[in-house]
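Sequences and hints are given; from them, build the entire structure.
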Amino acid sequence: MAACSSTDDDEDEAIKVAELTEISQQFDAEVAWEKSIGDGVDDYFSRIKPAYGYNKIFSASREGDVYALDVSTGEQVWHVDLSDADSERGFFENRQPALIAGGPVTGINKVFLGTENGEVFALDAETGELAWKGKVKGEIIASPALDSGVLVVNSASGILKAFNASSGEDMWEVDLDVPPLTLRGISAPTIAAGGVIVGTSAGELSVFMLEKGQQGWSVDVGEPSGSTELERVIDVDSQAVVFGDKVYSVSSRGNLVAIDIRNGRVLWKRQYSSYRQMAISGNTIYLTNTKGHIYAVDRINGLERWSNLALTNRGVTGPAVVGKNIVVGDFEGYLHFVNTESGEFVSRHEVDSSGIHTTPTVVDGIIFSQARDGSLQAIKVP
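Per the numbering used here: the sequence shown = residues 2 to 383.
Mixed in with the good hints, there may be bad ones.
[Unchecked claim] Here are the simulated DSS-like cross-link-like pairs (lysine-lysine), alpha carbons at most 30 Å apart as the crow flies:
id: 1; residue 1: Lys-36; residue 2: Lys-57
id: 2; residue 1: Lys-270; residue 2: Lys-247
id: 3; residue 1: Lys-270; residue 2: Lys-292
id: 4; residue 1: Lys-136; residue 2: Lys-57
id: 5; residue 1: Lys-325; residue 2: Lys-57
id: 6; residue 1: Lys-325; residue 2: Lys-292
id: 7; residue 1: Lys-57; residue 2: Lys-134
[Claimed, not checked] Cβ-Cβ distance ranges computed for the label pairs, FRET-style:
id: 8; residue 1: Ser-354; residue 2: Gln-77; range: 20 to 28 Å
id: 9; residue 1: Gln-27; residue 2: Asp-171; range: 47 to 55 Å
id: 10; residue 1: Tyr-55; residue 2: Glu-23; range: 36 to 44 Å
Simulated from the structure, these hints should not be mistaken for lab results.
Backbone N, C-alpha and C define an ideal beta-carbon position, used for all residues, glycine too.
Next comes the structure, spelled out in structure tokens:
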């Protein structure tokens, strides 16, 4: 009995959620405008986050409401319902959710989104009209990537597929290996230097030629450990970040690595585990790990500059850089501002109690953060 009690205490400590403590509020965030994006994503897994383009903010709900908003005022420019993208629903028919989960992404005067049904939608950025619709095998639960007129989509079934971004014509398709047990999440592709860089459920970071999809180098990022299948899950779900001639990637269990983008040579490797989006500013990488701890790591040599462990198990998002601070959201709907030099909290702002599930978007110093219930705020900070 005593042994069981001790084990339970250890488990409780491992999942204990950190309570927020008083901080020295160095500035107050100002809400410039607020808008409701349908019913948001509720409690479902989602990486939908606001995207900027053409002086507009684009965002969506899981059910299929897509909005274009004026970036300065938040006024609605257009709204479309992708649950009836083909306008075929009868008057008495119930709405069937579009299950949007990937995107939006903007480019070539279009807005691109993916769904859990494997559908890819391309909308006109000025009017919201459907430009084309494509199909991918598997769920699209990460943002597509766009460059040089090519849209690349990664699906949960291991299909990496490229479309002509203007016409929707299929260009090429690659089938990646997917282990029997993986996390609920996939890596969003990154396009750089003529290649598509994507993480895999097998713990690798691979590059494929943008033009025809031939594979280039592949690097092990994850490092399996433990005796159970769950302990050996090493998905690379965080989107790779390219900075100059280097690419940085992290595994959900394993390592943070710096790789030479030209030949795939590993320059350094450090033990960090994360599935959240990273951010780079100057010579510093900012990341949050699977426990919600925030780290600043030297981009050149991988040495840790500081850590902040105060948000343990609070469902912390990836960091976004805003001025001299980084900002992360948590499951109770707070934005936490952390000084980039010291790692100390400098401000806190509540968006909505439904919680923040994705990394905030920063445009010209303005933070756009969307809560689970669809509440989208444009936030100004000094």
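- Message: A range of 47 to 55 Å was offered for this pair. Does it hold for the Cβ distance of Gln-27 and Asp-171?
- Response: holds, 52 Å
- Message: Run the distance test for Lys-136 versus Lys-57: straight-line Cα separation, threshold 30 Å.
- Response: Holds: Lys-136 and Lys-57 sit about 27 Å apart, inside 30 Å.
- Item | Lys-270 paired with Lys-292 [C-alpha distance capped at 30 Å] | Cα-Cα ~20 Å, so holds.
- Given hint Lys-57 paired with Lys-36 - CA-CA distance at most 30 Å: Distance of about 13 Å is within 30 Å: holds.
- Query: Straight-line Cα separation of Lys-270 and Lys-247 no greater than 30 Å?
  - Reply: holds, 13 Å
- Distance restraint between Lys-57 and Lys-134, which requires alpha-carbon spacing of 30 Å or less: holds, 22 Å
- Message: Can you confirm whether the C-alpha distance between Lys-325 and Lys-292 stays at or below 30 Å?
- Response: Holds: Lys-325 and Lys-292 sit about 24 Å apart, inside 30 Å.
- Message: Tell me if the beta carbons of Tyr-55 and Glu-23 are separated by a distance inside 36 to 44 Å.
- Response: Since the Cβ atoms of Tyr-55 and Glu-23 sit about 42 Å apart, the hinted range of 36 to 44 Å holds.
- Item | 30 Å limit on alpha-carbon distance, applied to hinted pair Lys-325 and Lys-57 | holds, 25 Å
- Verdict for Ser-354, Gln-77 (Cβ pair) under range 20 to 28 Å: holds, 25 Å
Figure legend: structure checked against the earlier numbered hints; every hint is met.
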